[in-house]
Every structure is written in structure tokens, then in C-alpha cells.
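Novice: In the order they appear, the protein sequences are chains G and Y.
Using numbering that gives the first Met the number 0, you'd call the opening residue of the first sequence number 0 and step up by one each time.
Using numbering that gives the first Met the number 0, you'd call the opening residue of the second sequence number 0 and step up by one each time.
Simulated from the structure, these hints should not be mistaken for laboratory data.
Under the rule of at most 16 Å between Cα atoms (straight-line distance), these lysine to aspartate or glutamate pairs were calculated in the EDC-like manner:
id	chain 1	residue 1	chain 2	residue 2
1	Y	K136	Y	D110
2	Y	K78	G	E38
3	G	K135	G	D110
4	G	K85	G	E159
5	G	K176	G	E159
6	G	K78	Y	E38
Only a predicted model underlies this, so the values are computations on that prediction, with no experimental measurement involved.
Protein chains: 2
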Amino acid sequence: MKKASLLLLAALALAAQTPADGPQYNADGTLQLPANYREWVYLSSGLGMTYGPAASADTRNPAFDNVFVNPSSYRAFVKTGHWPDKTMFVLEVRNATEHGSINNGGHFQSDIRAIEAEVKDEKRFPRKWAFFGFGKKDAGTMNPATSSCNQCHGANAAVENTFVQFYPTLLEIARAKGTLNAAYLQKSAQDTPAAH
Amino acid sequence: MKKASLLLLAALALAAQTPADGPQYNADGTLQLPANYREWVYLSSGLGMTYGPAASADTRNPAFDNVFVNPSSYRAFVKTGHWPDKTMFVLEVRNATEHGSINNGGHFQSDIRAIEAEVKDEKRFPRKWAFFGFGKKDAGTMNPATSSCNQCHGANAAVENTFVQFYPTLLEIARAKGTLNAAYLQKSAQDTPAAH
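The following block holds chain G by itself, in its conformation from the complex:
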């Protein structure tokens, strides 16, 4: 039993170091799309949002974007309001359909248009966070540091490099834990968002 217990402890220690649901890379440096990301924790969706490149301003052909985060990082954020190292977001962009089945108004989701990801990997990326585009493939290519993703998140993100302002349940947590970025707080004090 003693050997088995030691083995178990070693396995647990290893598991604690490398979260099973964190980012995994291929030998060529591309990011692997996790096969089960649809079972990760859902954060929110938008329709026709114009801030992101894949969901850019096409008002006649709007897209839904669904955001998922790896479960271990979600649980850490709920406790602390911070994202731990090896956090990974998946942004799934889907076509919007009208008037299908019994739906007579509004939009519901259909096929995938593209997939993107944002990853926190402090040792791997000079800016700690990086963005990847998958298109419809399962290997994601890193965006250059000059990409619109990097620039817009860097300037406008509510928590670290992430758009927590669009994730209603997490925004409350960040507010309560005091982890909102100073620049975001300053800007949002000036804005008067039109809620409806």
C-alpha cells in the first residue's frame, strides 16, 4: 500500500502542476483545439458585435460569438477575480439563422463560421497572453503582437487582457474582488451605456 500511496501522491502533484484542461501545443507551435471545449464553462454570447475581427461589422449577416473558458481557470476566477497561468478561452463564431422551425422572429445559432482562442502562458508569451485563429481547423496559428486582437484587448480589457465586461456573471465577481483594470474603470465612468 505504501508504494501505491506514493504513486498516487506523485500523480496528484503532477496533475496540480499541469491542469488537464489548459492549452496544449503542437510541435510546430500551433495551438490544439480541445476536443471537448463545448463542455468547458460558458461565459456569454453576443450577436453581431463589431469589436472582433471574425465577427466584424456585417449587419446584414450578423454572427453569434460564444465564449468558453477552461473549467479549472473558471473556478480560480470565481474565488479570486484573477486568471491563473494556463487560462484558455475559446471564441466560437456561429452563423445566425432566422425563421427556422417554429421560430418566427429573432435569431438562433447554426454552423460554425470560425474559432479563435486567447491563452495566458506566462513563460511562453512575452506579453503573457496571446491570440490564435483556427478558422475551421483544429490547429490554431498565433496572431502577431501587432494584431487587432492584441491591441484592442490591451487597451480596453476589463480584467487583465480579457473582455470580462461582456461576461455578466464574471463582471460582478471582478467588481466585488476589486480586480477591474484601472483604465477600464476610468473609461466606464465616462461612458453611459445604453442598456435596453
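Got chain G; can you put chain Y on it based on the hints?
Specialist: Chain Y in isolation, oriented as in the chain G frame:
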């Protein structure tokens, strides 16, 4: 060790009988809103869909609806295309916001407007499935069998009593497993949905 092993086996057997993520009721028959339903498996979202009572046709004030299902039932559906007994869906209706933060077009999600649920509990409900309305409370009241939820799902659902036609990843599974309702197949062969 023998006693401990027996206890472990007993605990596992009990856990297998009652899925930890299934429906739980209060003594007065109301349904408990699971505290962690946001960590359940996300199925899809709509914006301004007019089929549901809580998200009814208010085009100037559209709502998002997010659908979550308990993880053990999700995994069973992925394998079989059927919903096991004690399946529970949570429908979260959220307000839609425009022009907040850096978003200049489209809509993103804000506060909860209402929560509803659909539950499969074969021994408890004469029609096997029942609907509950929570409003903003954590105890849900069952809708009468004559409710629009029951009638519309009964007539139009793609799989058993559920709107799998609006959950793109599950629709593919149901099609592959051959578990789509005959009435749904007949209707959808007549329709030509306007995808855009």
C-alpha cells in the same frame, strides 16, 4: 481496508442511482434552481426568439436566451441521441445591451430577466416532462399541462419533448443516431429555412 472498500462501493452505487446533477425538489413541490447551473453544459443561445413566453415577441427589447443541461444527461445524449430520466434544462433569459464598452454594433448580454426549466422525471410527471418558471427566484413553480410550453414542445420538438433543432451540436448527433421525432422530420422536409 475491506470495510473501506465496501463503503466506497456502496457510495458509488448510490451515486449511480441518483445523478448528482439531476432535478431536486423542495417539500412544497417546487423545483430547486441548481446553484451551479452556469457550470452545466451550454447548448446554445438565441436573440429575440419569439417562440417562448418569457422571450416573447418584443422586437424593440429583445432578450438573449441561454440553454444549459445537466452534464450527466449531456454525456448520455452524445452517446445515444436520447435524454435519460432526470434530465434537466435551464433556460436563462438575459437582457441585451448595445453600445457598451467598445462594442459599437450588435448586442451583448447583461442582467437576468427570468429563468425557466424543463425536466424529465418519468415517475413524477404523467407526461414524463414538465416545465417550471423561476422568474428571478430560486424555487420554480410547475406550469400547468395546458401551458404554451407544454403544447408547443409537444407539437414541435425535434427530439422527445426538447427543442434540439435549436442546439446545433446536438442536432447533428440526433440526425446521426436517428432519434429525431417523426413529426419534426416531416415538418422540416416541408420547410425551407432562410439561413443567413
